[in-house]
Amino acid sequence: MTFGNILKAYKWWSILTILLGFAATGLYLLVPKLAAQAIDSGNYSAWSGTLTLLFFIASSVFLITIIQIFVSNYLSEKVALDLRAKLIKKISRQSFQYIDESTPGQLQTVLTSDVEAVKAIIVQGFVTLVSAILTLVGAILFLLNTNLRLALYTISIIPLLIIVFTIIFKSVNKLFQQNQENIQNIYANISETVTGSALIRILYGTSEEIRKFKVINEKSKKTGYGLVKNFSLLIPAIILLANVANLIIIWFGGKQVISGAMSLGDFSAFLSYSAMFIWPIFVLGFVGPAVSKGLVSLKRINEVIDADIREETGTYDGPISGDIEFKNVSLTYTSAEGSEKCVLKNISFKINAKTKNAIVGPTAAGKSQLFYLMSGLIHPTEGEIYIDGKPISEYKIQSLLSQIGLVFQESILFNTSFRENVAFTGDIENNQDVFNKAIETSELTQLIKELPEGLNTMVSERGTSLSGGQKQRLMLARALAVNPQILLLDDFTARVDQSTEALILSNISANFPDVTLVSITQKVEPIKNYEQIIVLMEGEIVSIGTHDQLLKDSFEYKQIYESQMTTETLKS
Amino acid sequence: MSQIYTLEKKEQNQSIPSNSKGSLRGFFSYIKDDKTKLIIVIGFIFINSAANTISPFLISKAIDKYIAVGNINGLLNIIYILAGVAAITVITGYMQGMLIGRISQRTLYRLKEALFAKLQSLPIAFFNQNKAGDLMSRINNDTDKINQFLSQWIGQFVGVMFSLIGIIGFSLYLNWKLSLVMMSMVVFIYLVTQFFSSTIRKKNRENLEVNSDFASSLQENLTNFKVVAAYGKREYLENHLDKTNNATFKSALSSGFANRVFEPTYEFFGAIALILVLSYGFHLVSIGDATVGMVIAFVAYTQRFYDPMKTLATAFGAIQLATAAWVRLQDIFSLENNLRTDSIGGDKTGKPKLRLELKNVSFSYDDKKMIIENANLSFEPGKTYALVGPTGGGKSTLANIMAHLHDPTEGYVYLNGKDMITYSQEETAREISVILQDPILFTGTVAENILYANTDFKDMNIADLNRILEHKGFKDVIKRFENGLETQVKQNGAGLSIGQKQLISFMRAILREPKLLILDEATANIDTITEAVLNKTLEALPPETTKIIIAHRLNTIKEADEIMFVNGRHVTPAGSYDAAIEMIKGAKRSS
Chain F
1 MTFGNILKAY
11 KWWSILTILL
21 GFAATGLYLL
31 VPKLAAQAID
41 SGNYSAWSGT
51 LTLLFFIASS
61 VFLITIIQIF
71 VSNYLSEKVA
81 LDLRAKLIKK
91 ISRQSFQYID
101 ESTPGQLQTV
111 LTSDVEAVKA
121 IIVQGFVTLV
131 SAILTLVGAI
141 LFLLNTNLRL
151 ALYTISIIPL
161 LIIVFTIIFK
171 SVNKLFQQNQ
181 ENIQNIYANI
191 SETVTGSALI
201 RILYGTSEEI
211 RKFKVINEKS
221 KKTGYGLVKN
231 FSLLIPAIIL
241 LANVANLIII
251 WFGGKQVISG
261 AMSLGDFSAF
271 LSYSAMFIWP
281 IFVLGFVGPA
291 VSKGLVSLKR
301 INEVIDADIR
311 EETGTYDGPI
321 SGDIEFKNVS
331 LTYTSAEGSE
341 KCVLKNISFK
351 INAKTKNAIV
361 GPTAAGKSQL
371 FYLMSGLIHP
381 TEGEIYIDGK
391 PISEYKIQSL
401 LSQIGLVFQE
411 SILFNTSFRE
421 NVAFTGDIEN
431 NQDVFNKAIE
441 TSELTQLIKE
451 LPEGLNTMVS
461 ERGTSLSGGQ
471 KQRLMLARAL
481 AVNPQILLLD
491 DFTARVDQST
501 EALILSNISA
511 NFPDVTLVSI
521 TQKVEPIKNY
531 EQIIVLMEGE
541 IVSIGTHDQL
551 LKDSFEYKQI
561 YESQMTTETL
571 KS
Chain E
1 MSQIYTLEKK
11 EQNQSIPSNS
21 KGSLRGFFSY
31 IKDDKTKLII
41 VIGFIFINSA
51 ANTISPFLIS
61 KAIDKYIAVG
71 NINGLLNIIY
81 ILAGVAAITV
91 ITGYMQGMLI
101 GRISQRTLYR
111 LKEALFAKLQ
121 SLPIAFFNQN
131 KAGDLMSRIN
141 NDTDKINQFL
151 SQWIGQFVGV
161 MFSLIGIIGF
171 SLYLNWKLSL
181 VMMSMVVFIY
191 LVTQFFSSTI
201 RKKNRENLEV
211 NSDFASSLQE
221 NLTNFKVVAA
231 YGKREYLENH
241 LDKTNNATFK
251 SALSSGFANR
261 VFEPTYEFFG
271 AIALILVLSY
281 GFHLVSIGDA
291 TVGMVIAFVA
301 YTQRFYDPMK
311 TLATAFGAIQ
321 LATAAWVRLQ
331 DIFSLENNLR
341 TDSIGGDKTG
351 KPKLRLELKN
361 VSFSYDDKKM
371 IIENANLSFE
381 PGKTYALVGP
391 TGGGKSTLAN
401 IMAHLHDPTE
411 GYVYLNGKDM
421 ITYSQEETAR
431 EISVILQDPI
441 LFTGTVAENI
451 LYANTDFKDM
461 NIADLNRILE
471 HKGFKDVIKR
481 FENGLETQVK
491 QNGAGLSIGQ
501 KQLISFMRAI
511 LREPKLLILD
521 EATANIDTIT
531 EAVLNKTLEA
541 LPPETTKIII
551 AHRLNTIKEA
561 DEIMFVNGRH
571 VTPAGSYDAA
581 IEMIKGAKRS
591 S
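Protein chains in written order, with the numbering used here: chain F, 1 to 572; chain E, 1 to 591.
In isolation and in its complexed conformation, chain F is listed as follows:
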């Protein structure tokens, strides 16, 4: 999408902006002319008519300018609005992987600072630019018409100007790119100091954080210096060339006048036209920076808008019963340096609908990745995943996800009401029963009762107002509120005490009896009676079976179990 394309969408607004701009400038130029006329008339007692006319013109200029500002302001904001809307639309359809890899800081910069920069082209430069170019062409024609040879001498500075502009804008392009990256880094840095604030205070990392910020800040300053260096060269370079043009005219023109080849009148006319020729060049120098910055930003915006998106091919959107099957699934990550890391190797298993299943294994075995695969957040490098015997790719992902409840390991909460955190859209009227059941099952009833505004209480950003266990229960309620056929629990009871955990698990059995449950867990006790337990180690399945079978057959499982023997004293 080029800048031209953007304006094309607002053809009439753009034309109106330009026309109003010209009208105001043209009328404004009438003022001194009329004043001169009034003076020239020599009739100083009958000037009131001219003055009334002047007043009328001044008022019209005022009104037209106000309208012009309104129109151009509307145009620039509308462009910004639409750019943001386009970006939002694209981003909200992007894959999780894309968002994860492009980092929130980058997208944030594109949506705010880069859009601002594109907007600035319109606010600061657009009308001026158009009128400057028109004036330039007009002035050149006048010059050529007045005295061809002198005009050619004068115009000879244009190639020099183009060279200056090219050199400077080439080097600022890189700097502007760098500038936006600096903003991104500052965003990322602040984000980390906010999320890490507790740790920074515990370890007294204050000076370390200030040092880190200093590095980024220092770099921003350096980029700023680079921009300053280039732009403070630009205007003087233009002044220099303008002066060269002037000297050419005075010297060669003067000589021509002296030799009689040109009349003095033509010479002074030429001089004043040359001012008309130089002025637009200055204007280009002044608006140039905003324009070049805006174009760099537009490129960054385009990168996001034009980024590839994984097109959804599936069409099936019927209900599922909850059979899950992995067939030879492998997952390999390629790092930025190109090295490959195999996270899951040749995974095959089957989970029957309405059964209870657990996945156990050490830290970093790849357990969570299994869930990401099942919910389509990531895609397998090899192999296929089937739900109800149909490959996941055949499903309409929206429909499939509306039947899966996934509780992440980490608490991910939104700064909205309690209600909206549970039922995302806040639209629970159709599903009041399920919503209530979700709250009840997650043992949140008591907590909500104690909240000052009940379900309408706001959850603070990052959930800082809640305890670890409360956050996890809230996340569970969110998963249950979709009335899932498949419930995926990623280590969700890690922060919930054992009695509450037992209570929640029995609530799930009672309130959601038909759900297919897959639970990643560190605790063996609650899964003893599950239909199937999968032991995963270093990305591979080492054994599958029931608790009793595994105790007999799986050394690894037995080891895990024995490390937890003491918990046996607490049977629920």
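To be clear, the hints were calculated from the coordinates, so they are not data collected in a lab.
Calculated cross-link-like contacts (lysine-lysine; reagent style DSBU-like; alpha-carbon spacing at most 35 Å):
hint : chain 1 : residue 1 : chain 2 : residue 2
1    : E       : K226      : F       : K449
2    : E       : K558      : E       : K353
3    : F       : K170      : E       : K490
4    : E       : K472      : F       : K558
5    : F       : K174      : E       : K32
6    : E       : K536      : F       : K552
7    : E       : K61       : F       : K33
8    : F       : K33       : E       : K65
9    : F       : K174      : E       : K35
10   : F       : K212      : E       : K479
11   : F       : K214      : E       : K479
12   : E       : K490      : F       : K222
13   : E       : K35       : F       : K214
Fit chain E to the given chain F structure using the hints.
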């Protein structure tokens, strides 16, 4: 004593101080260091404007005196002079731009640094009450608005002032009556500016706030994108962001318009001034008090007087925006850390032989709901304690009080017998380490994360660190990371599981060898076999280390010397392990 650190939005009707000088005053302290350079810049601007005025004069002289009479040598001389003047214009123009640009970059640098340092000086309560996106917006966008004003307008401002002073002086000298008529409109310009600036500043403030909201909303939704994607709530995300996008649009429309209406207004007054000058001038001519030439000269002066005013008008828009931004930065600068520190004061009745002591400690976040009530706890050197109890019972809050992240609302906390408030933040960090429930990692390598803020092992190389960690029993743990200690950690530790993050946090804390180690669910997401390995490393800590373990998993606390039960405000010693288990089984969750 509740601690309010919210950067609240200004109420709709609340007026913002209308005196722009007053509210911007604090800002000038950030340019102070460049005062000499500023004066030099003003010198350059002066020379530059002088050189600019002199060229047209020289050109007209060239025409009248040399070209018209055919004096080539004279013409050549004036060409040399013109070239010299042009050189001065170019050089001073360059120096002026360069110096102003650098001054504003440095000011921006100092401002950002001061803001960031301020953030670092504020307690955890501040971060719990504010949004990351809002802070980002303030540190980046608001400072940028100030920089824009500085870099684009300071030079213009001074230049304009010079030419205004020149014109005023010259016109007063020519005809003071006409001159006063010419300037009369300035009064109206001033009044109109005064009248509207507070409204315009308010519009700007609103716009900056809406931008902040948009930034916060983006920050949150992008960080939480995983949930959005996994729940298929992309439409919700789009609608939600569209809503803030529209709000941004609306407020930008009115503030953008407001900032630019000064210009036509000033222009209009300039035209009125011209009419007044003409009518009064004609009157003077008709009564024989002025010549036509004088009136013609004044027509030109009026234009040359009001054209720079138009530049000022644009600058005023920028000032309004910069002031609004500055007010938002002031919101941060005016906050003070309420966490008590008093190196010589404090309560002197702590028991010196205890590692940590809580005496009559109560705590509430909001002065309404008590989280901890009258807790009296003693922790001896070298012993291991466990805090157990249901979720939401106040265990983490208790840990935060112990680590002096919060002051108790009532009562005292003593570290090594001395009141906690007598320790500086740095000293506290040396004595106490907490492994937080939500592990926190920074962008960098695993090694950098382990060595974070560790002054003893600063800049240690990977091989040495590896050796030390292996010696402490972490050999198997390090293997859990793809490239060992050199594994890269992404922003906020994205890509690592919580278990892995907990492993890093664990190593980080152990390496510091604190006198008091608090483990808040430190191993909750780690498998029990690895946990056993970690527990061994705890035993390798110096014998005088006091350990306080918060855990739900009972085998985690099996080895504790003493178990305390925390539930719904009250902390009670549980005695033996079996007794504790009985209490847990019988406990009713408070929330």
